[in-house]
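The chain contents come next:
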Amino acid sequence: MENIEKKIEMECDVVVVGAGFGGAAAAKKCADAGLKTIMIERSEKVGEKIISGLTIPFHGFLFGPDFIRDGNPPIERPVDGIINYIIKDIEKNDIDIDDSLRVPKPFSPIFSVGYNAFCKAFCEWEVQQAIESGVELRTKTTVVDVIRDNGHIRGVITENNEQIWSKIVINAEGSHGLLAIKAGVREKYPPDTISLADVYVYDMDKKDIDRIFGFSLKFCWGWDEQKIAPPLGHGNGLMVWPYSDSLHLMQDQCLRKDDGPVYNLAGALRGYHEKITTNLPWWRDEIAPKVRLRARMWDGFEIFVGLDKRLRNMPNFTDGMLLIGDAAGLENTELCDGVPTAWFSAEIAADVAIEAISHNDTSASFLKRYDDRIKAHPIIQWAITSTNRYNLRYAQKEHDEKKLKKYIHDGWGLGFCKHGSSALMKITLSFIKKDPKVIGKWIRMYLRYYYHWHHRHYENIQASDGTQKKQKGIKLKSYLRLMDWLLWITSPLIRLLAGLLEPLSGAANPVMKLIFPIIAPMYLWFIKKWDMAFDPLSKQLVQAVVTSDPSIFDV
Amino acid sequence: MIKSFEDIPGVEWVPGTGEFIKVNSDLCSGCGNCVKVCLGSCYIVKGKKAVIQTLERCMECGACWYVCENEAISFSWPNGGTGFKTQWG
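Which chain is which? The protein sequence lines are A and B, in order.
So that you can map any letter, position 40 of the first sequence is 40 in our numbering, and since no number is skipped, the others follow by simple counting.
So that you can map any letter, position 44 of the second sequence is 44 in our numbering, and since no number is skipped, the others follow by simple counting.
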C-alpha cells in the first residue's frame with residue numbers, strides 16, 4: 001500500500017510478523033536490546049498453525065540463540081541416529097539397512113544429533129521467553145499488507161485496516177511468503193521447489209516406543225513401483241519420528257518435477273499411506289497393532305528454493321524490512337527442516353535491526369549487511385544447498401541402486417561428513433575462539449535437556465523406583481567442576497588453537513572425501529565393538545544425569 | 001461453530017475465515033491441478049472450471065495456488081484466529 005495517510009494507531013521500533021521459531025527469537029533479541037517490539041500472530045494461540053513432525057538438529061541448539069541453549073525448552077525425545085530402510089522389493093522383504101549415522105556409546109543417548117519436538121509447545125515456550133523480555137504479542141491478527149512511505153516500508157496493516165508503524169519490520173511469516181510478495185520483495189516460488197508434506201500422528205505407548213525405536217528415527221526409501229514412495233521419482237518414502245508417547249509419520253513429495261505434469265498427489269499419498277501401514281514389514285508387524293491415529297495434517301514447504309541460484313539470490317531485505325527463516329527461503333534441502341536456519345537468521349536480523357535503529361538508517365543500503373551475513377553463515381549456506389535429497393530423482397530415474405544408496409548414505413548416513421564437515425568445523429571453531437567456556441555450556445545443555453526430558457516424560461517410573469535425587473556411581477557435579485576449571489586454565493591455549501585451525505576448516509570436506517573410503521568402514525566396524533563395551537557406561541551416565549540435582553546443569 | 005472431520009482427526013476449523021482463496025473463472029483453464037494436490041478435497045472441476053466446494057477442510061498449505069497454471073487462484077491468509085488449528089504440529 002503506497003503512501004497511505006498516516007493514522008498512527010500503534011507505533012513501535014520493530015514489528016515481527018509471525019510468532020514461530022524464528023519470529024520469537026528475533027523479537028526477544030530486539031526487546032532485550034531495549035527496542036519496543038510487537039510480534040503479530042494470525043492464529044488464536046501460538047503454534048496452532050505450524051505443521052511438521054520434526055527433529056531440530058543439534059547445530060540449531062549449539063549455535064543458535066543463547067536463551068534456547070541455556071534454557072529448558074519442551075522436547076519430546078533426543079535423537080541418536082537414523083535407520084534408513086532401502087526398500088528394493090517390499091513383497092519379497094528385500095530391504096537393505098543403512099544405520100551408519102548414529103552417536104556411539106557412551107555418548108548416546110545424552111549427546112544427541114537433535115531433538116524431536118512438537119512445534120506448538122516449543123514455539124509457546126520461545127514466545128513466553130520473548131514476552132518476559134518485553135515483547136508485546138498480538139494473536140488472532142492477520143497482517144494483510146505493509147505500509148509504504150515513498151517506497152520505504154514503515155510498518156504493517158492488519159485485516160482490520162489498523163496501521164502499526166515501526167522503524168523496521170522483521171518478516172517471519174513462514175514458507176509461502178505472502179507479505180514479501182505483497183511488499184514486492186520476492187515472487188511466488190515455482191511448484192518444483194515446494195514439497196507437500198502429509199503428516200500423521202499416532203498414539204503409542206512410551207515403553208513400546210522405547211523398545212522399538214529407542215532414540216532412532218526410521219526413514220524408508222524405495223523405488224517408485226514399490227508404492228511406498230510417491231511416484232514422481234524423488235525417492236521420498238516416509239520418515240518416522242519417535243516422540244515421547246506418539247509417532248510422527250511424514251510422507252512428502254514435490255508438487256511437480258522438472259517441468260513435468262502435476263501428479264495426482266491427493267490420491268497417491270492416500271494410497272501410499274495405506275500401503276506403508278499394511279505392507280511395510282516393521283510397521284505392519286510391530287507398529288500397527290500398537291498405534292491409534294491421533295491427528296493428520298499437511299503443509300507445503302519451500303524445500304528446494306536454495307538449490308535454484310536465481311531463487312536463492314532473491315532479496316531477503318528491502319527498505320525497512322528483513323525476511324527470516326522460511327520466509328527468506330531458508331528451508332534445509334535434506335532434512336525438510338527450517339528451524340536452525342530460522343534461528344540463525346533471526347539472530348542476524350535482530351542484530352542488524354538493532355544496528356540500523358541505532359544509526360537511524362533502515363534503508364536497503366544499510367540492511368544489505370543482513371544479506372552479507374546470511375551468505376557468510378556456514379551452516380545456512382550448507383543447509384540450503386545440499387543436493388542429496390534432490391539427486392534421489394536421478395537414482396530413481398535410472399533405477400540405479402548404487403546411486404540411491406550413495407545419496408541416502410551422504411544425506412542421512414555417515415557420508416554427510418563428506419559435505420558437512422567444513423561448515424560444522426568452521427562454526428564450532430568460531431564459537432570456541434570467541435569464548436572457550438562455550439564448550440561447558442554445550443555439555444551442560446545436553447545434560448540439562450536430557451534430565452528435563454526424562455523427568456517430564458518418565459515421572460512415574462522415577463517415582464516408583466525411588467532413585468530420584470539419590471545419586472550413585474558417577475558424581476557429575478565433581479566432573480563438571482573439573483571441566484570448568486580445565487576450561488578456565490586452558491582457555492588461552494584453546495582460543496589460540498581454534499584461531500589457527502579455523503582458516504583450515506575449508507579443507508575438512510576434501511580431506512574427509514579423501515580418507516572416507518578408508519576410515520568409514522573401520523569406524524563402522526569398531527563402533528559395533530565400542531557400543532557393546534560402552535553400553536554399561538552409557539547406562540551409568542544416564543542414571544547419573546537423571547538422579548543429579550538439576551541446578552548443576554544451569555549456566 | 002468449530003468443525004472437525006472424521007477423516008482428518010486432531011484438527012479443528014474455526015469459522016469466519018472469509019474467502020481467503022478465490023478462483024478467477026475467467027483465467028481458469030480447467031486443468032484440475034488444484035484438485036490433484038488438494039488433500040482436503042476442497043476443489044471440484046465443474047463445466048471445465050475449478051470450483052471451490054468448501055474451505056472448511058483447507059489447511060492453508062498453498063498447494064493449489066502453487067500449481068495453478070494460469071494464476072487463476074489467489075491465496076491469502078484467513079482472518080485472524082480462524083481457519084484450521086491443531087495441537088499436534
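No wet-lab data here; the hints were simulated from the structure.
The structure displayed is predicted, hence computed values, not measured ones.
Honestly, I wouldn't trust all of these hints.
List time: in silico DSS-like cross-link candidates among lysine-lysine, alpha-carbon distance up to 27 Å [stated by the list, open to error]:
hint	chain 1	residue 1	chain 2	residue 2
1	A	257	B	36
2	B	22	A	257
3	B	22	A	188
4	A	140	B	3
5	B	46	A	140
6	B	49	A	45
7	B	36	B	46
8	A	188	B	3
9	A	397	B	36
10	B	36	A	275
11	A	405	A	92
Computed beta-carbon distance windows for the label pairs [unchecked claim]:
hint	chain 1	residue 1	chain 2	residue 2	range
12	B	56	A	511	19 to 27 Å
13	B	30	A	132	38 to 46 Å
14	B	56	A	525	36 to 44 Å
Under 8 Å between C-beta atoms, here's a sample of chain B residues computed to sit facing chain A [unchecked claim]:
hint	residue
15	45
16	74
17	76
18	87
C-beta: ideal position from N, C-alpha, C; glycine also.
How the hints compare with the structure:
Note on residue 257 of chain A and residue 36 of chain B: the hinted pairing holds, with a Cα-Cα distance of about 14 Å set against a maximum of 27 Å. Taking the CA atoms of residue 22 of chain B and residue 257 of chain A, the gap is near 26 Å; set against the 27 Å cutoff, the hint holds. This hinted pair checks out: residue 22 of chain B and residue 188 of chain A have alpha carbons roughly 17 Å apart, not beyond 27 Å. Distance hint between residue 140 of chain A and residue 3 of chain B is fulfilled; the C-alpha atoms sit about 18 Å from each other, no more than 27 Å.
Taking the CA atoms of residue 46 of chain B and residue 140 of chain A, the gap is about 35 Å. The hint is violated against a cut of 27 Å. Of the pairs offered as hints, the one joining residue 49 of chain B and residue 45 of chain A is violated, with about 37 Å between alpha carbons and a cut-off of 27 Å exceeded. Between residue 36 of chain B and residue 46 of chain B the CA atoms are separated by roughly 14 Å; this keeps the pair inside 27 Å, and the hint holds. Note on residue 188 of chain A and residue 3 of chain B: the hinted pairing is violated, with a Cα-Cα distance of about 31 Å set against a maximum of 27 Å.
With a CA separation close to 23 Å, the supplied pair residue 397 of chain A and residue 36 of chain B stays within the 27 Å bound. Distance hint between residue 36 of chain B and residue 275 of chain A is fulfilled; the C-alpha atoms sit about 20 Å from each other, no more than 27 Å. Of the supplied pair hints, the one linking residue 405 of chain A and residue 92 of chain A holds, its CA atoms being roughly 19 Å apart against a limit of 27 Å. For residue 56 of chain B and residue 511 of chain A, the Cβ-Cβ distance of about 56 Å falls outside the hinted range of 19 to 27 Å, so the restraint is violated.
Between residue 30 of chain B and residue 132 of chain A the C-beta distance comes to about 53 Å, which lies outside the given range of 38 to 46 Å. Checked against the hint of 36 to 44 Å, the C-beta distance between residue 56 of chain B and residue 525 of chain A comes to roughly 57 Å, which is inconsistent with it. Interface restraint check for residue 45 of chain B: the shortest CB-CB distance to chain A comes to about 13 Å, outside 8 Å, so the restraint is violated. At a threshold of 8 Å, the smallest CB-CB gap from residue 74 of chain B to chain A is about 10 Å, leaving the interface hint violated.
Because the closest C-beta pair between residue 76 of chain B and chain A is about 6 Å apart, less than 8 Å, the hint holds. The interface hint given for residue 87 of chain B holds, since its Cβ lies 6 Å from the closest Cβ of chain A, which is under the 8 Å cut-off.
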